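Colleague: Numbering of the sequence shown is given in this note's numbering, commencing with residue 18 and proceeding in unit increments.
For the record, the hints were derived by calculation from the structure and aren't laboratory data.
Remember, it's a predicted structure, so these values are computed and weren't measured experimentally.
Keep in mind that a hint or two might mislead.
Here are the simulated lysine to any residue pairs, SDA-like style, with alpha carbons at most 20 Å apart [said to hold, decoys possible]:
1. K112 x K275
2. K229 x M189
3. K275 x M189
4. K242 x R195
5. K227 x G33
6. K112 x G175
7. K127 x Q80
8. K112 x A124
9. K275 x Y217
10. K227 x V200
11. K112 x Y125
12. K275 x T109
13. K275 x R239
14. K45 x H64
15. K275 x K127
16. K229 x G184
17. K127 x P192
18. K242 x L211
19. K45 x M249
20. K229 x M272
21. K227 x R271
22. K275 x W105
23. K229 x K127
24. K227 x G268
25. K127 x Q107
26. K275 x D244
27. K275 x V167
28. K58 x Q173
29. K127 x K112
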Amino acid sequence: MDITGASAIVTGGASGIGAATARQLADKGARVVVADLQADKGEALAHEIGGVFVTVDVTNTEQIIDAVNTAADLGPLRALVNSAGIGWAQRTIGKDGEFESAHNLDAYRKVLAINLIGTFDCIRIAATAMSRNELTDTGERGAIVNMTSVAAFDGQIGQAAYSSSKGGVVGMTLPVARDLSAVGIRVNTVAPGLIDTPIYGEGEASEAFKAKLGESVLFPHRLGKPDELASMVVELLTNSYMNAEVVRVDGGIRMPPK
(Lines of atoms letter the chains of each structure in order from A and count residues from 1; the text may use other names and numbers.)
(Lines give C-alpha, C1' and ligand atoms only; values in the text may rest on other atoms or scores of the structure.)
Protein backbone atom coordinates (compact mmCIF):
# COMPACT_ATOMS: atom_id res chain seq x y z
CA MET A 1 0.00 0.00 0.00
CA ASP A 2 1.42 3.33 -1.08
CA ILE A 3 1.13 5.93 1.68
CA THR A 4 2.51 8.84 -0.33
CA GLY A 5 0.24 11.82 0.22
CA ALA A 6 -1.89 9.95 2.74
CA SER A 7 -2.14 10.83 6.41
CA ALA A 8 -0.99 8.65 9.28
CA ILE A 9 -1.52 8.82 13.04
CA VAL A 10 1.11 7.63 15.50
CA THR A 11 -0.04 7.55 19.11
CA GLY A 12 2.78 7.82 21.61
CA GLY A 13 4.59 9.38 18.68
CA ALA A 14 6.69 11.97 20.50
CA SER A 15 9.50 9.67 21.61
CA GLY A 16 11.05 6.23 21.37
CA ILE A 17 9.56 3.72 18.94
CA GLY A 18 6.69 6.06 18.10
CA ALA A 19 9.01 8.89 17.09
CA ALA A 20 11.16 6.57 14.98
CA THR A 21 8.02 5.33 13.25
CA ALA A 22 6.74 8.86 12.63
CA ARG A 23 10.05 9.77 10.96
CA GLN A 24 10.03 6.72 8.71
CA LEU A 25 6.41 7.27 7.70
CA ALA A 26 7.23 10.87 6.79
CA ASP A 27 10.19 9.62 4.74
CA LYS A 28 7.69 7.44 2.85
CA GLY A 29 5.67 10.53 1.95
CA ALA A 30 2.93 10.35 4.59
CA ARG A 31 1.58 13.39 6.41
CA VAL A 32 2.00 12.36 10.03
CA VAL A 33 -0.10 13.33 13.03
CA VAL A 34 2.04 12.93 16.15
CA ALA A 35 -0.49 12.10 18.88
CA ASP A 36 0.94 12.28 22.38
CA LEU A 37 0.76 14.00 25.76
CA GLN A 38 4.35 15.33 25.53
CA ALA A 39 3.65 18.64 23.81
CA ASP A 40 7.23 19.98 23.65
CA LYS A 41 8.71 16.83 22.12
CA GLY A 42 5.68 16.21 19.94
CA GLU A 43 5.62 19.70 18.46
CA ALA A 44 9.36 19.62 17.82
CA LEU A 45 9.09 16.29 16.02
CA ALA A 46 6.08 17.40 13.99
CA HIS A 47 8.00 20.49 12.88
CA GLU A 48 11.00 18.33 11.95
CA ILE A 49 9.01 15.93 9.75
CA GLY A 50 6.45 18.36 8.34
CA GLY A 51 3.60 16.86 10.33
CA VAL A 52 1.13 18.04 12.95
CA PHE A 53 1.11 17.52 16.71
CA VAL A 54 -2.17 16.82 18.49
CA THR A 55 -2.53 16.33 22.23
CA VAL A 56 -4.06 12.90 22.73
CA ASP A 57 -4.79 10.94 25.87
CA VAL A 58 -5.88 7.57 24.47
CA THR A 59 -8.41 7.20 27.29
CA ASN A 60 -10.21 10.28 25.91
CA THR A 61 -12.39 9.46 22.90
CA GLU A 62 -12.94 13.11 21.98
CA GLN A 63 -9.19 13.68 21.70
CA ILE A 64 -8.87 10.59 19.52
CA ILE A 65 -11.63 11.91 17.24
CA ASP A 66 -9.82 15.26 17.07
CA ALA A 67 -6.63 13.51 15.95
CA VAL A 68 -8.53 11.55 13.30
CA ASN A 69 -10.22 14.69 11.98
CA THR A 70 -6.88 16.50 11.92
CA ALA A 71 -5.37 13.65 9.92
CA ALA A 72 -8.27 13.62 7.47
CA ASP A 73 -7.67 17.31 6.78
CA LEU A 74 -4.10 16.46 5.70
CA GLY A 75 -5.08 13.65 3.34
CA PRO A 76 -6.96 10.36 3.40
CA LEU A 77 -6.19 8.55 6.66
CA ARG A 78 -4.52 5.33 5.56
CA ALA A 79 -2.34 4.40 8.54
CA LEU A 80 -2.71 4.16 12.31
CA VAL A 81 0.10 3.11 14.63
CA ASN A 82 -0.90 2.46 18.23
CA SER A 83 2.30 3.05 20.17
CA ALA A 84 0.96 4.79 23.29
CA GLY A 85 1.30 2.81 26.50
CA ILE A 86 2.53 2.66 30.07
CA GLY A 87 4.24 0.09 32.25
CA TRP A 88 3.56 -1.06 35.79
CA ALA A 89 5.36 -3.51 38.07
CA GLN A 90 3.77 -5.00 41.18
CA ARG A 91 3.31 -8.53 42.44
CA THR A 92 -0.18 -9.93 42.74
CA ILE A 93 0.01 -10.17 46.54
CA GLY A 94 2.17 -8.55 49.19
CA LYS A 95 4.61 -10.24 51.54
CA ASP A 96 2.69 -9.59 54.75
CA GLY A 97 -0.47 -11.56 53.98
CA GLU A 98 -2.67 -8.46 54.27
CA PHE A 99 -5.45 -7.71 51.79
CA GLU A 100 -4.29 -4.10 51.63
CA SER A 101 -0.91 -5.23 50.30
CA ALA A 102 -2.38 -7.03 47.31
CA HIS A 103 -1.93 -5.58 43.82
CA ASN A 104 -3.30 -2.06 43.44
CA LEU A 105 -6.54 -2.58 41.54
CA ASP A 106 -6.77 1.02 40.38
CA ALA A 107 -3.31 0.67 38.85
CA TYR A 108 -4.40 -2.53 37.11
CA ARG A 109 -7.44 -0.76 35.68
CA LYS A 110 -5.31 2.20 34.52
CA VAL A 111 -2.84 -0.02 32.67
CA LEU A 112 -5.68 -1.79 30.87
CA ALA A 113 -7.46 1.50 30.19
CA ILE A 114 -4.43 2.92 28.38
CA ASN A 115 -2.73 -0.09 26.83
CA LEU A 116 -5.74 -2.18 25.85
CA ILE A 117 -8.93 -0.13 25.82
CA GLY A 118 -7.11 2.95 24.52
CA THR A 119 -5.69 0.90 21.66
CA PHE A 120 -9.12 -0.46 20.76
CA ASP A 121 -10.71 2.99 20.96
CA CYS A 122 -8.12 4.37 18.54
CA ILE A 123 -8.75 1.43 16.22
CA ARG A 124 -12.53 1.78 16.15
CA ILE A 125 -12.44 5.55 15.58
CA ALA A 126 -9.65 5.56 12.99
CA ALA A 127 -11.08 2.55 11.15
CA THR A 128 -14.45 4.27 10.90
CA ALA A 129 -12.77 7.18 9.13
CA MET A 130 -10.71 4.82 6.95
CA SER A 131 -13.86 2.98 5.88
CA ARG A 132 -14.94 6.13 4.03
CA ASN A 133 -11.74 6.26 1.94
CA GLU A 134 -11.60 5.47 -1.74
CA LEU A 135 -9.89 2.16 -2.46
CA THR A 136 -6.20 2.25 -3.34
CA ASP A 137 -4.83 0.57 -6.45
CA THR A 138 -4.27 -2.49 -4.26
CA GLY A 139 -7.89 -2.54 -3.14
CA GLU A 140 -7.22 -1.23 0.37
CA ARG A 141 -8.60 1.59 2.45
CA GLY A 142 -6.04 1.56 5.24
CA ALA A 143 -3.83 -0.39 7.61
CA ILE A 144 -3.34 -0.49 11.37
CA VAL A 145 -0.36 -1.62 13.42
CA ASN A 146 -0.62 -2.10 17.18
CA MET A 147 2.28 -2.26 19.59
CA THR A 148 2.27 -5.06 22.13
CA SER A 149 5.29 -6.60 23.90
CA VAL A 150 7.05 -9.90 24.40
CA ALA A 151 5.54 -9.59 27.89
CA ALA A 152 2.30 -10.71 26.26
CA PHE A 153 3.93 -14.14 25.92
CA ASP A 154 6.72 -14.17 28.53
CA GLY A 155 5.28 -12.11 31.38
CA GLN A 156 7.71 -11.75 34.25
CA ILE A 157 7.15 -11.58 37.99
CA GLY A 158 5.32 -8.34 38.77
CA GLN A 159 3.96 -7.92 35.23
CA ALA A 160 0.41 -9.18 35.73
CA ALA A 161 -1.17 -5.86 34.76
CA TYR A 162 1.22 -5.07 31.91
CA SER A 163 1.11 -8.58 30.43
CA SER A 164 -2.68 -8.66 30.70
CA SER A 165 -2.94 -5.45 28.71
CA LYS A 166 -0.45 -6.51 26.06
CA GLY A 167 -1.92 -10.00 25.83
CA GLY A 168 -5.26 -8.38 25.14
CA VAL A 169 -3.79 -6.51 22.19
CA VAL A 170 -2.46 -9.80 20.81
CA GLY A 171 -5.86 -11.40 21.32
CA MET A 172 -7.77 -8.67 19.51
CA THR A 173 -5.55 -8.70 16.43
CA LEU A 174 -7.24 -11.55 14.55
CA PRO A 175 -10.89 -10.73 15.32
CA VAL A 176 -10.41 -7.04 14.56
CA ALA A 177 -8.61 -7.92 11.31
CA ARG A 178 -11.56 -10.14 10.44
CA ASP A 179 -14.03 -7.37 11.29
CA LEU A 180 -12.23 -4.82 9.14
CA SER A 181 -11.48 -7.09 6.20
CA ALA A 182 -14.95 -6.30 4.86
CA VAL A 183 -13.92 -2.68 4.27
CA GLY A 184 -10.36 -3.29 3.09
CA ILE A 185 -8.44 -2.46 6.26
CA ARG A 186 -5.56 -4.65 7.44
CA VAL A 187 -4.55 -5.08 11.10
CA ASN A 188 -1.22 -6.35 12.42
CA THR A 189 0.65 -6.19 15.71
CA VAL A 190 4.34 -5.89 16.58
CA ALA A 191 5.76 -7.38 19.78
CA PRO A 192 9.03 -5.62 20.68
CA GLY A 193 11.62 -7.14 22.95
CA LEU A 194 14.16 -5.04 24.86
CA ILE A 195 14.43 -1.76 22.95
CA ASP A 196 16.87 1.08 23.63
CA THR A 197 14.51 3.95 24.46
CA PRO A 198 14.75 6.90 26.89
CA ILE A 199 13.15 4.76 29.62
CA TYR A 200 16.63 3.47 30.48
CA GLY A 201 18.07 6.94 31.07
CA GLU A 202 21.48 8.26 30.05
CA GLY A 203 25.06 8.16 31.28
CA GLU A 204 27.70 5.57 32.09
CA ALA A 205 25.59 3.62 34.57
CA SER A 206 22.71 3.48 32.10
CA GLU A 207 24.96 2.20 29.32
CA ALA A 208 26.36 -0.50 31.60
CA PHE A 209 22.83 -1.57 32.58
CA LYS A 210 21.73 -1.75 28.94
CA ALA A 211 24.80 -3.78 28.02
CA LYS A 212 23.98 -6.24 30.79
CA LEU A 213 20.39 -6.51 29.60
CA GLY A 214 21.61 -7.10 26.07
CA GLU A 215 23.48 -10.21 27.16
CA SER A 216 20.13 -11.97 27.60
CA VAL A 217 19.19 -11.46 23.95
CA LEU A 218 19.78 -14.57 21.83
CA PHE A 219 21.44 -12.66 18.96
CA PRO A 220 22.54 -9.97 18.50
CA HIS A 221 23.56 -9.51 22.13
CA ARG A 222 22.24 -5.97 22.53
CA LEU A 223 19.07 -3.97 22.91
CA GLY A 224 17.04 -3.32 19.80
CA LYS A 225 17.06 0.09 18.13
CA PRO A 226 13.85 2.09 17.69
CA ASP A 227 14.53 2.29 13.95
CA GLU A 228 14.59 -1.51 13.77
CA LEU A 229 11.11 -1.64 15.26
CA ALA A 230 9.89 1.22 13.10
CA SER A 231 11.02 -0.51 9.91
CA MET A 232 8.84 -3.50 10.79
CA VAL A 233 5.89 -1.22 11.50
CA VAL A 234 6.30 0.44 8.10
CA GLU A 235 6.59 -2.97 6.42
CA LEU A 236 3.34 -4.12 8.01
CA LEU A 237 1.59 -0.92 6.94
CA THR A 238 2.78 -1.03 3.34
CA ASN A 239 2.95 -4.77 2.57
CA SER A 240 -0.52 -5.49 1.23
CA TYR A 241 -0.33 -9.22 2.00
CA MET A 242 0.45 -8.82 5.71
CA ASN A 243 -2.71 -9.16 7.74
CA ALA A 244 -3.85 -10.50 11.14
CA GLU A 245 -0.27 -11.25 12.23
CA VAL A 246 1.63 -10.71 15.48
CA VAL A 247 5.33 -10.29 14.72
CA ARG A 248 8.00 -10.50 17.42
CA VAL A 249 10.95 -8.17 16.89
CA ASP A 250 13.12 -9.19 19.82
CA GLY A 251 16.44 -10.72 18.76
CA GLY A 252 15.08 -14.12 19.76
CA ILE A 253 14.80 -13.32 23.47
CA ARG A 254 12.56 -15.37 25.74
CA MET A 255 12.11 -13.55 29.02
CA PRO A 256 12.92 -15.41 32.25
CA PRO A 257 10.60 -15.25 35.29
CA LYS A 258 12.54 -12.26 36.64
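Colleague: Taking the numbered hints from earlier one at a time, note which ones the structure violates and give those numbers from smallest to largest.
Modeller: 2, 3, 4, 10, 15, 16, 17, 23, 26, 28, 29
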